[in-house]
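Q: So the chains spell out like this:
2 protein chains.
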Amino acid sequence: MAVYSEVLSKARLARDASRVLGSASTVDKNRLLLMITEAVQNEQQRIIDANEVDLDNLKQKDGYSAAFHDRLLLTEQRIEAMAEGLRQITALEDPVGEVTGMRTRPNGLLIGQVRVPMGVIGIIYEARPNVTVDAAGLALKAGNAVILRGSSEAIHSNKVLVQIIREQLLKSGLPEDAVCLIEDTDRAAARELMRLNGLVDLLIPRGGRSLIKSVVENSTVPVIETGAGNCHVYVDEGADLEMAAAIVLNAKLQRPGVCNAMETLLAHREAAKDFLPAVLPLLLEAGVEIRGCPRTQSYHPAVKEAVQADWETEYLDLILAVRVVDSLSEAVDHINSYGTMHSEAIVTRDYDRARLFLNSVDAAAVYVNASTRFTDGFEFGLGAEMGISTQKLHARGPMGLQALTSLKYIIYGSGQIRP
Amino acid sequence: MAVYSEVLSKARLARDASRVLGSASTVDKNRLLLMITEAVQNEQQRIIDANEVDLDNLKQKDGYSAAFHDRLLLTEQRIEAMAEGLRQITALEDPVGEVTGMRTRPNGLLIGQVRVPMGVIGIIYEARPNVTVDAAGLALKAGNAVILRGSSEAIHSNKVLVQIIREQLLKSGLPEDAVCLIEDTDRAAARELMRLNGLVDLLIPRGGRSLIKSVVENSTVPVIETGAGNCHVYVDEGADLEMAAAIVLNAKLQRPGVCNAMETLLAHREAAKDFLPAVLPLLLEAGVEIRGCPRTQSYHPAVKEAVQADWETEYLDLILAVRVVDSLSEAVDHINSYGTMHSEAIVTRDYDRARLFLNSVDAAAVYVNASTRFTDGFEFGLGAEMGISTQKLHARGPMGLQALTSLKYIIYGSGQIRP
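Those sequence lines, one after another, are chains A and B.
Heads up: the first sequence begins at -13 in the working numbering, then just goes up one per residue.
Heads up: the second sequence begins at -13 in the working numbering, then just goes up one per residue.
Looking at chain A on its own, in the form it has when it is part of the complex (with noise of 0.2 Å):
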């Protein structure tokens, strides 16, 4: 008998796993979910241990981040909020067995198209282990199987984790491999399962720029991109300033290290007049730097020079670039040319020039008169959230329960042939 690598092996487990999930009912998925949730809370005591070696493991390594340790910290809060997100996830409607399009042909074929599971959906993420939970009820509510790539850091917890949701799926009499924990946490592994063709339907990347450069560039498997967020505020001329202003703090200062955050400012010249005098103070005084062009120090004297690297540059920090521009198509040629098509906003109070920069703008969310920061998952009413696709195949913008779904053509016939 042949022998296999653990990713491919659990790959192929995945498949088989994945045909089960894919024709089971709502009811079915729905009760496994609040299984998972339930033993998620009952387990509370063995996850934080788990996590606790994960901790110890951290600590004996030089130069690790509070950040890095805080994103790795499970607390009974922070479990509670994974059997919150799952009781969430179950509420959802199933977004299996829609049909769509169907219509009668001139020759009596009856064709259209029902969604169905994407099928083996892997995720490769990063020290987040609420991550393992999140993605799997995800993936299991729409019918698909998961294979889950954690990182090294966060192997004990994930370990833990997938065993309580294996063994909930064993008890409820769906296959457990529909969630499959890759266990070898050397960069190969990963690469192999960017690779699997034919096993792997669907990768998403969840993490830090250098993991999703690394998947897009590596994988021969479907991957959708997510993430980067070089996100723009535009104050047109005519603008309100005073929703301006409050647009601006929130966009920047409401959570800095996300990406929908914004990370450049951009101010019609006749906006800036009234604008930046009012506005830079009120930014400088909540710790932001700022870095700008030429006219934007004119109006500050704590304004720093702004370099090209400042237009392309995703803080994630209390840092903004601000540029005035001579017009509105300047500011979306300056999105188009430096933005990462993720979330643009317009603060106007002119009508065409707001269906212009909605028109104009190529990105995943485009706004008039609201913060960056909406968009997500549960703010767009999605329910749930997969991360943020910022390519144009198949899902762009928050990623819910239909993308990861796709639509097969189901045809009814009554014997046609082709002529």
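Treat the hints as calculated values from the structure; they're not laboratory data.
One or more of the hints may lead you astray.
[Unchecked claim] Computed beta-carbon distance windows for the label pairs:
(1) A288/A <-> E(-8)/B: 42 to 48 Å
(2) R89/A <-> P280/B: 40 to 46 Å
(3) G243/B <-> R89/A: 25 to 31 Å
(4) T90/A <-> E(-8)/B: 44 to 50 Å
From a predicted model like this one, the values you see are computed outputs, not experimental measurements.
Heads up, the beta-carbon is just placed ideally off N, CA and C, and yes, glycines get one too.
Could you slot chain B onto chain A? The hints should help.
A: Only chain B this time, still in chain A's reference frame:
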């Protein structure tokens, strides 16, 4: 000034052109398409002259096949067919601008999605020069710029066709770089195109297996995999055997060299008893070589022994693998194991088994009581086709204009900020 490669400089020009095409009106795009249609007809001689250079060059080479020569050849009739294809594309509804799912969130934000062009689409294809006009027409109608990379054998034909299209773009006031041809037919140029993330939004390979494999393996730009079809017809216990014979003969013989032709016939052991003795002679008479399992061999002495590879092979030829199975579920397992998720059919009289087959076969198009040969953009009512996707991401089955678009979220606010 930096000097860019042909591929990179054309991709940059195409990206800029795509911004203009993306907001062109349906009226403008249709006028352009009709201008190209007329130009293709008026410039017939210019096209045929260029094609003759390609054909002459081909004759200098050793070992080219008659089939290859035929794929490369352009005739008056074929040029008329190109023009007719463009007229059909012109008549199709423009998918761009459709708005879906608009709803007001509790905080007053009005959120929905608008259908937008994909942006820049790269097409990598083989000898047939009619793909040049066809692909450009579809891409333009959906508001995209297109970068074409044909094969060296068709370079003179492709150059003239692209020049004719670009002349009409210029005349119509739209940017001529909306259609670019990579004239460097070296493999390295194709590889460069496959890695232009950020400039190219989508790559579609059109051609044989090795071309598609090469694009899937080397591309970091999102790809839609097209083509390979190892399709099955399963004749169920109790099926109408006359209908089954008509479908089997059609699926195998109507055009054996295409991706939606049947490559393996599966017969339930009860159906096989009457069906195989009746249909095998008809197939053999039509010149089909039959490779069967032992039970199939017992029904006709001319049936050769099938080996493992036969279940996996897309013959595209007058060869058919035949297997007798003990149950519907064995047929489904066979299809899900060996199929390429293209087109699969059951012939049955049983309602529940029809349902089960539709639900459990994992393919782009699943048929009850009809020939697999219908999997085609025109037959499905899409009006045109950019290829048949065999992946699950974004588009599955025949791809029409909608597959060349994406959805972007548009959000209308009144000053909302995230609490």
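Q: Evaluate each hint against the coordinates.
A: Evaluated hints:
1. As the Cβ distance of A288/A to E(-8)/B is approximately 47 Å, the hint placing it in 42 to 48 Å holds.
2. One distance hint, 40 to 46 Å for the beta-carbon pair R89/A and P280/B, holds here, with the actual separation near 44 Å.
3. Range check, G243/B to R89/A: Cβ separation about 30 Å, and the 25 to 31 Å hint holds.
4. T90/A and E(-8)/B have their C-beta atoms about 49 Å apart, which keeps the hinted 44 to 50 Å range intact.
Against the hints set out earlier in the document, no violation occurs for any number.
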